[in-house]
Every structure is written in C-alpha cells, then in structure tokens.
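Participant: Single-letter residue listing:
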Amino acid sequence: MLDIQDLNVVFGTGRLRVEAVRNVSFTVKEGEAYGLVGESGSGKSTVLRAICGLAPITSGRVRVNGKDVTTPRTKDFYRTVQMVFQDPYASLHPRHTVDRTLSEPLAIHGEKDAEARILQALKEVGLGPSFRFRYPHQLSGGQRQRIAIARALILRPKVLLLDEPTSALDASVQAEILNLLDDLRRRLGLTYILVSHDLAVVAHLCERLLVMRHGEAVEETASDALRSGKASNEYTQSLIQASQGFTRLPSQPAPAKVG
Amino acid sequence: MTKPLLEVEDLRVRFHLRTGTVEAVRGVSFRLGRERLGIVGESGSGKSQTGRAILGLTPPPGEVTAKRLSFDGVDLLTASKRKLRELRGGRVSMVMQDPKYSLNPVMTIGEQIIEAYRAHARASHAEARDRALAMLEAVKMRDPGRVFSLYPHEVSGGMGQRAMIAMMLVTEPDLLIADEPTSALDVTVSMEVLRILDELVTERGMGLIFISHDLKLVSSFCDRVLVMYAGRVVEELEARHLRDAKHPYTQGLMRCLPTLADDVHPLPTLNRDPSWAL
Amino acid sequence: MTGTPLPSQSLTQTSGLRAWLLSPEPQSRWQARLGRGYLGWRSFSRNPLAVFGLCIVVLLILVALFADLIAPYSPVIGGDLRTQRLLPPSETFWLGTDDQARDILSRIIYGSRITLFVIVLVSIIATPIGLLVGTVSGYLGGWVDTVLMRITDIFLAFPRLVLALAFVAALGPGIENAIIAIAITSWPPYARIARAETLMIRNSDFIAAVKLQGASTPRIILGHVVPLCMSSLIVRVTLDMAGIILTAAGLGFLGLGAQPPAPEWGAMVATGRNYLIDQWWVAAMPGLAIFVVSLGFNLLGDGLRDVLDPKAAK
Chain A
1 MLDIQDLNVV
11 FGTGRLRVEA
21 VRNVSFTVKE
31 GEAYGLVGES
41 GSGKSTVLRA
51 ICGLAPITSG
61 RVRVNGKDVT
71 TPRTKDFYRT
81 VQMVFQDPYA
91 SLHPRHTVDR
101 TLSEPLAIHG
111 EKDAEARILQ
121 ALKEVGLGPS
131 FRFRYPHQLS
141 GGQRQRIAIA
151 RALILRPKVL
161 LLDEPTSALD
171 ASVQAEILNL
181 LDDLRRRLGL
191 TYILVSHDLA
201 VVAHLCERLL
211 VMRHGEAVEE
221 TASDALRSGK
231 ASNEYTQSLI
241 QASQGFTRLP
251 SQPAPAKVG
Chain B
260 MTKPLLEVED
270 LRVRFHLRTG
280 TVEAVRGVSF
290 RLGRERLGIV
300 GESGSGKSQT
310 GRAILGLTPP
320 PGEVTAKRLS
330 FDGVDLLTAS
340 KRKLRELRGG
350 RVSMVMQDPK
360 YSLNPVMTIG
370 EQIIEAYRAH
380 ARASHAEARD
390 RALAMLEAVK
400 MRDPGRVFSL
410 YPHEVSGGMG
420 QRAMIAMMLV
430 TEPDLLIADE
440 PTSALDVTVS
450 MEVLRILDEL
460 VTERGMGLIF
470 ISHDLKLVSS
480 FCDRVLVMYA
490 GRVVEELEAR
500 HLRDAKHPYT
510 QGLMRCLPTL
520 ADDVHPLPTL
530 NRDPSWAL
Chain C
538 MTGTPLPSQS
548 LTQTSGLRAW
558 LLSPEPQSRW
568 QARLGRGYLG
578 WRSFSRNPLA
588 VFGLCIVVLL
598 ILVALFADLI
608 APYSPVIGGD
618 LRTQRLLPPS
628 ETFWLGTDDQ
638 ARDILSRIIY
648 GSRITLFVIV
658 LVSIIATPIG
668 LLVGTVSGYL
678 GGWVDTVLMR
688 ITDIFLAFPR
698 LVLALAFVAA
708 LGPGIENAII
718 AIAITSWPPY
728 ARIARAETLM
738 IRNSDFIAAV
748 KLQGASTPRI
758 ILGHVVPLCM
768 SSLIVRVTLD
778 MAGIILTAAG
788 LGFLGLGAQP
798 PAPEWGAMVA
808 TGRNYLIDQW
818 WVAAMPGLAI
828 FVVSLGFNLL
838 GDGLRDVLDP
848 KAAK
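Same order as they appear, the protein sequences are chains A, B and C. Using the working numbering, you'd call the opening residue of the first sequence number 1 and step up by one each time. Using the working numbering, you'd call the opening residue of the second sequence number 260 and step up by one each time. Using the working numbering, you'd call the opening residue of the third sequence number 538 and step up by one each time.
Where hints are given, some of them may not hold.
Restricting the straight-line Cα-Cα distance to at most 25 Å, the calculated cross-link-like pairs of lysine-lysine (PhoX-like) are [unchecked claim]:
no.	chain 1	residue 1	chain 2	residue 2
1	C	748	A	67
2	B	262	B	326
3	C	748	A	230
Read the hints as simulated data drawn from the structure, not as lab findings.
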C-alpha cells in the first residue's frame with residue numbers, strides 16, 4: 001500500500017539547512033498498522049508530512065497504492081490518504097461548526113448526499129447528531145479528536161496518517177480514542193501509519209514499527225518483539241526502559257522517611 | 260508525623276466568573292513532611308490549582324479558602340504580602356512545565372539564577388555568581404560556564420528545565436512544588452531530569468510535591484500519592500501499594516493505560532460514575 | 538486543557554428564546570450562529586460605555602434615515618435674510634441660525650446623511666481591498682508578499698489631506714472625490730492587520746487539514762483565513778470611523794468635500810469660523826456633532842475590541 005524508499009527531507013539552505021529525515025525506507029501492506037517511534041527531533045512527524053505533501057521530498061521515493069506521488073498532490077491522492085493531527089485544539093477551525101468542518105471535504109470533491117454522510121460520519125466516531133452544529137470550543141478534547149477522525153474518514157480514504165493522535169489527551173480519553181481507532185481499522189480495512197513518542201501506544205495499535213532518531217531509522221521491529229523483550233538496539237532498549245517509569249539506580253539511597 | 264512541613268485542610272479554590280462560580284478545588288486536605296508527595300489527576304481535576312494555591316499564585320478572579328493552610332507553622336492565609344514574598348522562592352519554590360514559557364526570555368540563564376538568589380539572600384554579585392555556577396553544576400549541566408551566559412531559547416528543553424530547577428533550588432528551599440516538570444520533555448531526557456531532582460531532594464532533605472497526569476511516573480517516583488478527581492482527593496495511598504487502590508477511579512485510571520507488558524484489546528475505558536464528583 | 542466547565546452548564550435556563558440561543562446542542566446552522574451572536578451581545582452589553590457608543594451610532598443612523606420627518610426647517614432654504622440671520626439658540630430655532638438664515642439644527646440633521654454616506658462608502662471600498670491584499674500577501678508569501686506590501690507602503694505614505702488636494706486638483710471638488718481620496722488612504726492599515734493575522738494562522742493544523750482535502754487557495758483564503766481576520770478588522774474599522782469623519786470634516790472645512798449649500802458638518806464649521814466670537818453657535822454646534830459622533834464610534838470600537846479580541850480584553 002505504501003512504499004517509502006530512501007526518503008530525504010531537507011529544510012532550508014546554507015547555514016540554516018536542517019536534514020530532518022535521512023534515508024528512511026519502509027513499506028506498509030494494505031490493512032496493516034505501522035508505527036513510527038522516536039523522540040522530538042527524530043523526524044517521525046516530518047515523514048508523515050512528506051508523504052502527504054506538507055513537507056518537501058528532497059530525494060527518495062514515495063509510492064502510494066503502486067503510484068508515485070506527484071507534486072502537487074492530486075485530488076485522487078487526497079481521497080486515498082488523510083491525516084489526523086496531534087493537537088485537537090488546533091486542528092479544527094475555531095469559527096466553523098462541526099457541520100461545516102465535515103461538509104467541506106465533500107464539497108471540495110463534489111460529493112452529493114452530504115447530509116446523510118455527515119450523520120454517518122458522526123455515528124462512526126461515536127458521536128450523535130446533536131454534535132452537528134457545535135463549535136469547537138463547545139467540545140472537549142476527546143470529542144474534538146473524534147471530529148478530526150470523522151473528517152479524515154469522510155472521504156473514505158485507504159490510508160490514515162496519525163500524528164500523535166492521543167498525546168494531548170487525558171489517559172482515560174486516550175483509551176477511548178485508541179479503541180475507536182482500532183475498531184475503525186478493522187471495520188473499514190484501513191491502513192495506518194501511527195507516529196508517537198509513546199512505545200506502549202504504538203505497540204498497542206501497530207504490528208510493526210520503526211524506531212527513529214535524529215532523522216534516521218534506527219531499527220525496524222515488531223511489537224511482539226518489544227513485548228517479549230527480545231534483544232534489540234540499545235536506543236530502543238533505552239526507550240523501553242523509560243516507558244516503564246522512573247527507576248532509582250541502586251547507588252541512590254532510598255529517601256529517608258520522616259514522620 | 261512530627262511537625263509537618265505543610266498542612267492543608269479543606270482547601271477550596273473558587274473562580275467567580277460572570278457565568279457562574281466554578282469550584283476548581285473542593286476541600287483538599289493533606290499533610291506533607293520531608294517526603295515526596297505526588298498529586299495525580301487529569302485535566303480539570305484541580306491539581307495545578309492546588310499547587311498554586313499553596314504558593315498564593317492563584318490567578319484572579321480566584322478565591323482561596325481553607326480551614327488550615329500553613330507552612331512550617333506560618334499561616335499562609337493570613338500572612339502579610341511581604342511574608343508571602345519572603346517564603347515564595349526562598350523557602351517554597353515551584354518548577355513549572357515548559358521552560359520555554361517559565362524562563363524569562365530576555366535574560367540569560369545565569370542572570371536569572373543570580374536574581375533569584377539575591378532576592379532572598381544578601382550577597383554580592385560575585386558571590387551570587389559563584390552560587391549560580393555551583394547550582395548549574397549540581398544539576399549536571401555540561402559546561403556550566405557557557406550555559407550561564409546563554410539565553411533560554413538557545414538551550415534545549417531538557418537543559419532549560421534543569422536551569423529552572425537550578426534557579427528554584429539556589430535558595431535552598433524546604434519545599435519544592437513541581438507542576439508537570441517533565442511533561443514537555445522527551446522521555447529519556449525526563450528520566451535524567453527526574454534523577455537530578457531525586458538526588459537534590461534527597462541530599463537537601465526537601466519536601467517535594469510532584470503534580471502530574473502521569474500515574475505511572477508519579478507512583479514510581481514518589482513515596483505517597485494523592486489521586487484527584489473533580490477538585491477532590493479520591494484516594495491517598497503509598498506509592499508502593501498502588502496496586503491495592505480501592506477507589507474505582509484510580510483502578511480505572513491504571514487499567515486504561517496501554518502497557519508493553521500486556522496486550523489488551525480493547526483497552527478498558529473509564530466509566531465515570533457521577534458519584535465520584537460529589 | 539481547561540479546568541472550568543462549559544459556561545452554559547452553570548446558567549439557569551429561563552425563558553424559551555434565551556434557552557434556545559444558549560443551547561449547548563444547536564439543531565441548525567442558524568441556531569448556532571445566533572447563539573454565538575447572542576453570547577457576544579451579552580458580553581458587549583456589560584460595558585456601559587460601549588452601549589452608550591452604540592446608542593450614539595444608532596441615533597446617527599436613525600436621524601439620517603428619518604431626517605425628513607425630524608428636521609423642523611429646510612436645510613438649504615433660509616428664512617428672512619434681514620431678520621433671521623445669525624440668531625442665537627431659542628425656542629423657534631433650537632440651535633440658532635447661520636449667516637444664510639438657515640436653521641442649524643435642520644442642517645445638522647441633514648448633514649448626518651452626508652456623514653453616514655462618507656463612512657459607509659469608505660468602509661465598503663477600503664475594507665475589502667485591505668482584506669484581500671493582506672490575506673493574499675500573508676498567505677502566499679514570497680514575491681507576492683513583497684510586491685503587495687511595497688504597494689501598501691506607497692499608499693501608506695500619502696497623507697490623506699494632501700492626496701485629497703491632488704484629487705481635487707485633478708478631478709474637481711466634490712464629496713465623491715473626497716470619499717475616493719479617503720478610501721485610498723484608509724486601506725493600508727487594514728491590509729497590515731489582515732496580513733499579520735494571516736501569518737499567525739497560516740501554519741496552523743486546521744489550515745493544513747483543509748489543504749489535505751485538496752482545497753484550492755481561494756477557498757482557503759476566503760473560507761478559512763478571512764473569517765479569522767474579521768474580528769481585528771471590525772475593531773480597527775470602527776475605531777477608524779472617527780478619523781474618517783474628522784478627515785471628511787477637514788476636507789469640508791477646506792472646501793474640498795461637499796459643496797455648498799450641502800449641509801456637511803465640516804463646511805458648516807468653516808463658515809462659522811468667521812462668526813466665532815459673537816455668534817459662536819454657528820461653528821460650535823456642528824463641531825459638537827462631529828465630536829459626539831466620533832466619540833460614539835470610538836466607544837463602540839473599544840467595546841467591540843473587548844468582545845472580539847479576548848487577548849486585549851481587560
């Protein structure tokens with residue numbers, strides 16, 4: 001479904017030149033969920049943006065559904081690939097109602113039957129028709145993210161790019177959104193590329209994943225391998241370690257309890 | 260507990276808005292000795308407002324009331340503004356979430372630490388400078404001399420947060436309130452920062468209040484944990500006994516997190532019982 | 538992340554209409570829009586000075602609309618030149634008469650039409666130009682931005698009065714030319730404001746999201762960027778009204794605006810100048826009208842800013 005070969009993304013020129021992504025390659029099969037894990041500056045979000053055209057492809061190949069992507073992307077591309085952004089407070093237009101936000105993609109692509117499809121989109125993400133004419137400030141973070149997912153799915157894409165979709169949400173809301181994403185993938189046969197700094201989230205949702213650091217691919221592994229603790233790259237190990245929480249090193253004395 | 264460092268009884272923080280009164284904190288009580296206390300809650304639980312109320316930093320139109328709010332015997336509710344200023348930064352300090360927003364962007368890091376020190380101690384500029392450099396070393400800053408003259412935007416997030424810690428600990432406070440100190444940092448960097456914080460708190464015998472939304476982190480770092488929901492403390496327990504949590508909210512919160520250890524599909528979600536908010 | 542519940546939760550729903558407007562679950566586009574407007578109005582009406590400013594503006598509009606019904610005398614036909622010239626304010630002539638024995642009150646009432654005409658036309662001309670130039674410039678960036686901003690700078694460099702003089706020299710005096718001159722010098726600040734707002738939102742996720750749907754640039758600019766610039770622009774335009782009125786009055790004073798016998802307030806002040814010492818009301822009354830209307834727009838603009846621009850609110 002998705003084939004990335006030797007992707008390089010470079011921003012700026014001269015002194016301000018930044019190599020955000022360096023020679024990253026991976027493939028994603030149809031219906032699969034693939035994770036990109038790394039810390040800030042690893043280039044994981046930039047890879048997503050390069051796929052959908054928000055960042056330039058300096059060199060390398062990006063193929064979606066067997067076809068190379070063109071610059072600028074075609075309308076057909078936007079019907080195939082859609083994205084869900086990280087910050088639910090920034091990804092919805094503050095002055096547009098939910099109805100307007102959901103009907104816009106349909107209007108752009110000349111789709112009829114907007115009313116029915118909007119209601120169906122709301123239902124798919126677990127929101128009732130009463131949400132249709134609300135403004136974003138009348139929605140909670142989790143509800144906004146559901147609308148963002150509904151918006152991404154309303155054109156029935158095949159590939160969904162998820163840029164840290166739950167990082168800005170509370171833990172309890174995160175669980176609901178992760179369940180929703182899981183459910184939607186199975187029901188609609190979607191292909192996911194999930195970017196996150198949280199290993200547990202990626203391992204939960206994805207089968208395979210790529211660990212990135214400073215723009216480069218460090219290791220490609222499977223979530224099963226992570227769970228079973230099979231020996232992997234040192235950096236991956238440090239990420240696994242950090243995800244377990246804080247551990248006091250044996251040399252540090254336990255704090256003295258007073259009172 | 261022998262004389263506790265901080266006593267909070269029935270703390271309430273209300274915001275009187277035009278559209279009505281919002282109670283952000285509704286009757287929180289706890290005591291703190293020279294230990295690490297974690298306050299965990301989701302957004303809207305009132306945890307940050309609790310920390311700010313202790314320092315008297317509740318933004319207007321907030322109103323803080325309590326049956327008792329005292330630090331080392333000093334009644335914080337009736338203390339004069341001058342007394343509060345002495346305590347703030349001197350004996351009680353606060354480290355906040357994002358150094359991008361909590362450090363003064365137009366002063367170098369060294370200047371800010373010096374300013375923090377001289378606000379509470381009579382010292383010459385040279386003495387203060389020495390103290391600042393010593394503090395930067397204590398937070399394991401590589402090349403403290405160079406970082407001293409850098410501006411906050413010139414350092415990374417982890418370094419900025421360490422600079423913030425240096426600034427807040429240079430006056431040797433008795434109590435440190437850390438409000439989401441690692442939320443804006445990468446996970447490996449936050450482990451480093453937490454290790455430094457851990458060492459400093461242990462060395463100096465400080466009390467620490469660690470406010471966060473991350474239950475796992477707080478329970479691994481702190482001695483005791485308070486779980487807050489809708490402005491109230493719903494559970495108070497020792498960190499190592501977290502698994503024996505009794506309140507359904509705490510249990511739900513723990514279970515709904517995905518972990519590497521188990522693979523649960525779908526994740527158990529929190530069913531919010533309205534009775535928790537009463 | 539907010540710690541406060543939605544405002545509507547802590548309100549007591551009283552009457553049916555209010556409840557409908559404040560409903561957290563609007564059933565239609567119009568209900569949602571009206572509800573937002575209602576909340577904005579409530580916020581606005583809490584500021585007594587702003588409401589006072591609004592009243593003045595509304596009064597101006599009503600006076601202009603119903604001038605025929607309100608004015609006691611004709612604004613252009615004077616009375617008896619031998620006995621009714623320069624009479625002080627009295628029961629027959631509330632604000633006195635001028636040197637052509639015309640009732641000053643009636644002239645001021647009819648003059649409000651000219652004032653309103655100038656304000657509305659300048660706004661209608663200058664605002665869209667400024668909006669379009671600013672948003673296109675800010676959104677497209679690059680050389681388009683450079684070229685458009687330099688053009689803006691050129692227009693910004695012209696002082697209004699000097700440009701008006703140039704127009705008058707070229708095209709002859711008259712209210713239409715005065716309006717064009719004022720409009721041409723009014724739009725550059727609007728372009729700057731629109732551009733500043735556009736630059737702030739250009740890289741937002743919601744703009745990226747709509748680009749990813751395949752939206753064309755005009756759709757993005759008109760549908761997504763412009764609505765977010767409107768608040769700042771409305772405030773700026775309202776605050777500018779006072780300046781526009783004064784400029785029109787200044788032009789009228791110089792004889793470049795409305796031509797006699799049109800009762801333009803600035804021209805009235807000019808003629809009253811000759812009689813300032815003994816018959817002060819001839820200049821003072823139209824001057825007072827100018828002052829009151831400018832004040833009204835300033836207060837309205839301040840009130841709107843408090844409502845529309847939460848960052849600048851007290």
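Participant: For every hint, state whether the structure bears it out.
Facilitator: Now for the hints, and whether the structure bears them out:
| no. | hint | verdict |
| --- | --- | --- |
| 1 | 748/C - 67/A | holds (21 Å) |
| 2 | 262/B - 326/B | holds (18 Å) |
| 3 | 748/C - 230/A | violated (42 Å) |
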